[in-house]
Amino acid sequence: MISISRLLSKLLLAAVFMAVVACSGTETVVERVVETVIVTEKGETIIITEKGDTVIETVIVTEKGETIIITEKGDTVVQTVVVTEKGDTVFVEVTPTAVAKGFRDIPRNRTMIMAGLGGEHPGAFTDVENFNPHTAGISRSGLYQAGTEGLFYYNMLTGETIPWLATGFTYDAGFTGVTVKIREGIEWSDGTPFTADDVAFTINMLNENDLMSRHGEVALWTEKAVAVDDLTLHVDFKMPAPRYMWDILTFRADVGIPITAKHVFETADDPASFSNYDPAKGWPLVTGPYALAFTNVEKKLWDRRDNWWAAKTGFHALPEVERLIFLPGMNEITMAQLLITNEIDMAFSLTVPNYKAVVGQNEKITTHYKGEPPYGYLDWWPVGLGLNTKRAPFDNVDVRWAISYSIDRDEVIEFGFAGGQVAPPLMFPQYAPMEKYFAAAEGLLAQYPTLESNPDKVVERMTKAGFAKDNDGFWAKGGERLSFTIVTFPQHPSTTPAAPVVTAQLRRNGFDAKFVLPTDFFSRIVSGEADAFIWGHASMRDPVQMMDAYSCRFVPDTDREDVAYPGLYRWCNEEYTALVDQMKSLPVDDPAVLPLFVEAIEIWLKEMPDIALNSTIITLPMNETYWTNWPQFDNQYIHEGFWHRTGLQIFLNLKTVQ
Amino acid sequence: MAETRHFLANNIRLSIGIFLILGMLGFWVIGSAITDSADANPISGPPSSAPNLKYLLGTDAQGRQMLPLMVAGMPITLRIGFIAGAIGVLTGTVLGFTAGYFRGWVDTVIRSASDVVLTIPALAVLVVVASTLSSGGLSVNSMALIVAMLSWMWPTRTIRAQVLSMRERSFVDMARLSGMGNYEIIARELLPNLFPYLVASFVAAVAAAILAAIGLEALGLGPQNDPTLGMTIYWSMYYGAVLSGWWWWYAPPIVVLVWIFVALYMTSSGLDAWANPKLRRT
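Just so you know, the sequences run in chain order A and B. Residue numbering for the first sequence follows my numbering, beginning at 1 and increasing consecutively. Residue numbering for the second sequence follows my numbering, beginning at 659 and increasing consecutively.
Only chain B is shown next, with the shape it has when bound in the complex:
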């Protein structure tokens, strides 16, 4: 416990990240207790009401209550990020390890594929895919899968680079000489050593996935029937909330998104420092 406290004291960014994530959790728990998720839907309150005692964060033009909307929207947005980020990092881990450890033609194929896909403007592709697949209305999970389509390349590249470096280390040679097979070396030697890095990559991938999802949603291509933060921004733009001075409509999703991104950035950066001693302050 004392060690953890000491580590966190020396890793301010991770401490802030964890604090902000715990704050999000607290917001969701308390928010869920004091609000009804049904109030995040249209016609649950008066239209365009400024914040007051009854509607703490006000309502939008279609009568969605902003506080329940934020309470419901934050986990949905995080869910999209976590699903897409997990798929991206998992795929990247498999491909990165395969390319970096076995090298040869497999490496050439995987590296070329990820490099080629990286050059494609992701948002343009996602817009086309989202507008094509939204036949019956996109669900939160299908939205996450769409974003996940283009979230594997960076993890693949960076993990491959780490594995390339690590496979030349002496402890891997020792493992090989002691008779361990390739998959055993990967599972027992490389993965544990790369775990902090993978966690940091995952957190970064979650942030990137959320950003991609928000971009799609702000264009009206998100799950239109769910109270996500991006769709809230879309409707606020549709109704000209900025022009009309309805700050309570567009400000809450922006604040929550900033909260999420700062939390994830701090956490990722702190974990990176944990994984890479050279980045530590002391």
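Chain A extracted, bound-state conformation:
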């Protein structure tokens, strides 16, 4: 029975969705929306009961016009809703009906299935009932890219910025703050309006809570965020922050803080440990076009919400994809088999041979370059051979250059990646906005050839560093052989295959090197245990992010102290750091960045604190059996990393085949 105590001036809408479909093979009961009621008075109370007057849910309305979502629970289904006139008590008869347990059926050709994420959570999800996007270790399985939307999106392949939840922003004079305009008409999935207050709350919550993810970057710059009105946000900075919108509030690849609902998170005693998961309440609340429908260790399902704000306001049409299924990390062979049998539509990166093998058995599989080299899209994470430069002899620039001259990048790409990578001379990706930086460094690169393989120069540099070859042909000094171990990921598409090849090349040039692929690779690098490591570098629109990783502020006193990420290289040059700090104090697009870059990169090249290896090209297979309009080189509306925050743009653009 529903009792409405306050006035109702009009008939309330009752829509019953009797989508009750069995999901054989699972015992999990999933709650789903069965009714939407629009109420008109603030403070109104709606009581939902089963037949027999057992109260199963009480909803207190806090805003006029709020939409109340009634969900079925267990085997109970709302069957009819009858609302009479203003002032009357309204009865809704609810009859328990036996229904099959599970989630509703959606045909395969309206479902998009993705496997492998970005390589994490291999075999099983470990965050089955955690949907707090501000906690560490949460998987990239829908919350960030299907349920959450960004204020802005950035297309790293084209350099285009796409306003989304926000329409624009203006920095205060001197970059001491920023005013952001929020788009009108945005709603959370419970019907509550999404306002600047939600954004301000999220920023302040992260700023104040040092146990939440991205606290560090928010707290570094943010003084306080304030909602000026529902559609206007103002953030005060602790110091001039001309990159704040870019660094903090723009969704690009894996970066940008997700905005969470104030009226949910303010109820949490401890936001850092709050799960944000309660199907009875429709949590996690989302603004995006998909709501969580099912979660277990094997998969996560997100179903389309037909009342998505963007469709209602005309900002964007509903996506044709009705269901998203995210499968956890898995090995390449499994992904390849699933692609061949059309059981999945996208998968994490395949090696080129495996991609070719899959295409040989399923011609519907394509890639960014439509099956032509270099096959995949250029990721923002070029890879290098990092060295613990606090540890001798890697503190010697001649040894570092000798190692660089030992490496033949063409061989690394041919033998490690079957031709599926390229070798960038500097460790940032060759995206369109980056071209001017590569062009500016061209002369320096002729002087400091980062990609040159030259055994004679290896000998010259090592001799200069005081080394001579021992009886076994390995470099040694003072009777002690230079032996070191390279650490990297046990399974990563752009680092793991390089390790055996680079090691063989170093040994060929007299370095007693070996490699290991341990599961605790990251802690070994951070702690300084690793002598050398293969790791990537993040930059997208200018090289500042990559260059900042070599700032003195990261460098500890010794070679065996923990470093803060991304300062893994333990290399310090005060002049270089001052130049990078100046670059950081300018907006991303400021023309003054370029000359500072040239000065800084010259120091970097001369010192060679890190050795360029190869790009990260993600050969991501896309299946055209059920879906078309994939992001490809001639249609780069976004890159195809579906585990990234920008994945939403893929889901919105796909067109059904059948």
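To be clear, the hints were calculated from the coordinates, so they are not data collected in a lab. Don't take every hint at face value.
The calculated DMTMM-like cross-link candidates involving lysine to aspartate or glutamate, where the alpha carbons are at most 25 Å apart (straight line), are [to be verified]:
no.: 1; chain 1: A; residue 1: 238; chain 2: A; residue 2: 217
no.: 2; chain 1: A; residue 1: 469; chain 2: B; residue 2: 842
no.: 3; chain 1: B; residue 1: 712; chain 2: A; residue 2: 410
no.: 4; chain 1: B; residue 1: 712; chain 2: A; residue 2: 411
no.: 5; chain 1: A; residue 1: 390; chain 2: A; residue 2: 599
Chain B: place on chain A using the hints.
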């Protein structure tokens, strides 16, 4: 000589085992003469080359030549098996003799310990140990020691059972009555009688140790810088050799492993027949 020929003729399994082991030895000797072990490393040949006159067994995707890889990998794999098997049987012999001969509380402790450890899934333990100890990269010897950790229980149990039976025999009573001490009885009476059985146990332990090592290596937890058969299988799986039809990458290590296991099984089974007359055909 004639006796040996007669014995081998009547013990076909041992004959086949010895023949296969001699074949392995021959493969290694001839292979070492015609190949360079350095060619078992990456970038020593072209990537993913099918077998041809220059690369008789082809090459893998990272340019390792398969024939030198097999020639180098077979003894390394056997080395792991022999070290782990020797440690396992030696430990099992000491514990088995101690428990079986002296009995009492020592027997209870040893028997309970081996029974308890036997119930632990060995591979799970080895995976944890191998991934923890592989700090600077596992060497072949450290790999053997890790496998040896869990290779002593079966020898302990079976040798204890043999000793329990043997200590009640009349020749042991005679030795005791003639004034021999416990250790002298073990050394001079029991050990010689159990020697064929110990040899058979050792061969079986070598096979078991190789199997455990291959399991770890196929998971990527082996000596990654050494050309072992298990690491060859690991890299072939990593690069999807089966999917790509690169049979020359995954087939050679499988053939060599089958060769090793059949040789060891036949030898162990033949030695068992030698040790236990009831198992002989005639």
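To see whether the hints hold, each was checked on the structure:
Taking the CA atoms of residue 238 (chain A) and residue 217 (chain A), the gap is about 12 Å. The hint holds against a cut of 25 Å. For a cut-off of 25 Å, the pair hint linking residue 469 (chain A) to residue 842 (chain B) is broken: about 56 Å separates their Cα positions. Taking the CA atoms of residue 712 (chain B) and residue 410 (chain A), the gap is about 23 Å. The hint holds against a cut of 25 Å. Under the criterion of a C-alpha separation no larger than 25 Å, the hint pairing residue 712 (chain B) with residue 411 (chain A) is consistent with the structure, at around 20 Å.
Our distance criterion of 25 Å between C-alpha atoms is met by residue 390 (chain A) and residue 599 (chain A), whose separation comes to about 24 Å.
Taken one by one, the earlier hints fail for this structure only at number 2.
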